[in-house]
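A.B. asks: Keeping their order, the protein sequence lines are chains A and B.
With our numbering applied, the first sequence covers 503 to 839.
With our numbering applied, the second sequence covers 503 to 839.
Calculated directly from the structure, the hints in this document are not laboratory data.
For clarity, every value in this text was computed on a predicted model and none was experimentally measured.
There's no promise every hint is true.
Since the list gives no way to pick out one identical chain from another, each pair is judged satisfied if it fits inside one copy or across any two copies.
[To be verified] Derived pair list, reagent style SDA-like, types lysine to any residue, alpha-carbon separation capped at 25 Å:
hint: 1; residue 1: K708; residue 2: L527
hint: 2; residue 1: K743; residue 2: A559
hint: 3; residue 1: K743; residue 2: R772
hint: 4; residue 1: K720; residue 2: D782
Protein chains: 2
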Amino acid sequence: SQNLGAGCSGPGMNAGPKSVLLKELEVPRLGHSDVHVKMLAAPINPADINMIQGTYAILAPLPAVAGNEGVGRVLEVGPGVTALRRGDWVIPADAGLGTWRTQAVFPEASLLQVPSDIPLLCAATLSVNPCTAYRMLSDFESLAPGDSVIQNAANSGVGQAVIQIAKATGVRTINVVRDRPDLPKLVERLKALGADHVITEDVLRKPEMKEIFKSIPKPRLALNCVGGKSTTEMLRHLQPKGTMVTYGGMAKQPVTVPVSAFIFRDVRLRGFWMTQWKKDHAHDKESLTSMMDALCQLVRRGQLGAPACTTVPLEDFREALVASMQPFTSSKQVLLL
Amino acid sequence: SQNLGAGCSGPGMNAGPKSVLLKELEVPRLGHSDVHVKMLAAPINPADINMIQGTYAILAPLPAVAGNEGVGRVLEVGPGVTALRRGDWVIPADAGLGTWRTQAVFPEASLLQVPSDIPLLCAATLSVNPCTAYRMLSDFESLAPGDSVIQNAANSGVGQAVIQIAKATGVRTINVVRDRPDLPKLVERLKALGADHVITEDVLRKPEMKEIFKSIPKPRLALNCVGGKSTTEMLRHLQPKGTMVTYGGMAKQPVTVPVSAFIFRDVRLRGFWMTQWKKDHAHDKESLTSMMDALCQLVRRGQLGAPACTTVPLEDFREALVASMQPFTSSKQVLLL
Chain A
503 SQNLGAGCSG PGMNAGPKSV LLKELEVPRL GHSDVHVKML AAPINPADIN MIQGTYAILA
563 PLPAVAGNEG VGRVLEVGPG VTALRRGDWV IPADAGLGTW RTQAVFPEAS LLQVPSDIPL
623 LCAATLSVNP CTAYRMLSDF ESLAPGDSVI QNAANSGVGQ AVIQIAKATG VRTINVVRDR
683 PDLPKLVERL KALGADHVIT EDVLRKPEMK EIFKSIPKPR LALNCVGGKS TTEMLRHLQP
743 KGTMVTYGGM AKQPVTVPVS AFIFRDVRLR GFWMTQWKKD HAHDKESLTS MMDALCQLVR
803 RGQLGAPACT TVPLEDFREA LVASMQPFTS SKQVLLL
Chain B
503 SQNLGAGCSG PGMNAGPKSV LLKELEVPRL GHSDVHVKML AAPINPADIN MIQGTYAILA
563 PLPAVAGNEG VGRVLEVGPG VTALRRGDWV IPADAGLGTW RTQAVFPEAS LLQVPSDIPL
623 LCAATLSVNP CTAYRMLSDF ESLAPGDSVI QNAANSGVGQ AVIQIAKATG VRTINVVRDR
683 PDLPKLVERL KALGADHVIT EDVLRKPEMK EIFKSIPKPR LALNCVGGKS TTEMLRHLQP
743 KGTMVTYGGM AKQPVTVPVS AFIFRDVRLR GFWMTQWKKD HAHDKESLTS MMDALCQLVR
803 RGQLGAPACT TVPLEDFREA LVASMQPFTS SKQVLLL
């Protein structure tokens, strides 16, 4: 069968999405510890775009197939493969796998099994955003039911996962979004996911915030994917000794913090990058599996769904790339392979 | 004997140093758990000025005697006082004591004993700056001999204590100072204290930094008392997963951090305030005493001296206040009481 892959052939990635080409690829021979995978679906994430633009912290040597997330079905395994068999669903264990292709041969160690009884779009979008949300809610502050979290970019893939995971554990969320034409619809959608409060950035400096804090405590955790002024505003609402975790910078502006917040409110600023976490836990398979188990459990219980997705055949990848880069996009582009 | 105190009578402190008056004060009766103290010496610190200006995070109810640090000798103790006796040297256990006076009656709990065999100016300047330096070097990163620390405002009271304490424990220091007319003299003085490298702010973005890191490792800890652009520059040299602790903001500008430093270098930003530490450890006398013991031990061994001081009789407090607020002041004003 034909094997197609979308990626960059080089020499520079700076040309951005226009430099992505669809090509016929050879499927290499199956090695001793290799797994032949039929890819099923793979999303287009902001980090994929940044890698293509050459602005990401890790870049693949060219030529490279793009795409860091997705799900595939095992077609065949090498004789040394122990934990996977034909028919299993697999997702990337790490960034850089190159998921935008119809078939591939991967080393077993580069794959993680996921149950095949969860929805395809959930499996395809599980390894980056829900994992990021899960870790940020777990690793920085020990949150108890009744505690609250504030986050910006609440409509992003991570943001939607944060809302759902927090809701499932009894943690309240204050969700900051940019003002937009269809705001009421977005508010409704995030509340349907379990958001307690959805506000626009300008509300962060208004008395309405006081109303919110009459019914829920000030957040001990703030999750920042924006930067610039609105992040500084969000930080003002953090509890003393609370932590703000930065995992993205959509506004392309730095994080600016008044000195007094450090000294007199003892706020703690950290960063999070799922790729680094996976690197740091490469020899701690246990924490990776227990996280995946917990997330799949939430999926099965209907407490964690896939983000709003638009599915697109691989052949139409170029339109999907353009659509993924539109401002205020509320739907993730997912390539069907 | 006459009892004089310098402080503010109100109603507002915003008038700044001009609002400080020298007044004859009554010495109250010695209560059951009180200690009558003859104050000996008290420095003028930036936090004292900020309190007088009404811009500090804690302000005394007016009228109030100013001064948060100093040393006194016990003249008499109340019948319920257990740990202090006549002749002992004492320093404030906490901020807000009002040390700019000749005599006072304080509750025993508000005082800490220090050995009377250390130099007067060391004792008078021990409870804020050396404690701040000690805690910042201990509480955020576990530094081993050979590790390095970078700090700005290296010429401040805290900065000089950092240099000496780090030197005594085998930790190397990179010390950032503002350029000034008598720079070579300052460099020489800080090196005499044990500084490994003394550089001006503009060097932070020059290739000379690479030379420094040929002989010592990148710092795991950065201590920030400035804010603004030079703090961002300093942060660039921190090791991945290193911590920057902000304890002051001399530039009156916020701390600005590129999003990538959080995500891809996992830098951690914290704050420190000695007053808060003391509050948090109010029921943990042990950690306070062990810190004071360690500091006095360094003093006795000649490894920790008082900062450069200019001693001034209490009557001349107004000139001392003005002198303490000059830019590039390299000498701490200490009132002799």
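A.B. asks: Please go over all the hints and tell whether each is borne out by the structure.
C.D. replies: Consistency of the hints with the structure:
In the homo-oligomer, the alpha carbons of K708 and L527 never lie at most 25 Å apart, since the shortest distance is 56 Å inside one protomer and 47 Å across protomers. With identical chains, the CA atoms of K743 and A559 are at most 25 Å apart between copies only, with a shortest distance of 16 Å across copies and 30 Å within one. In this homomeric assembly, K743 and R772 come within 25 Å of each other (Cα to Cα) both inside a single copy, at 13 Å, and across copies, at 9 Å. Taking identical chains as interchangeable, the C-alpha atoms of K720 and D782 lie at most 25 Å apart only when they sit on different chains, with a minimum of 20 Å there against 31 Å within one chain.
Checked against the numbered hints given earlier, the structure breaks only hint 1 and satisfies all the rest.
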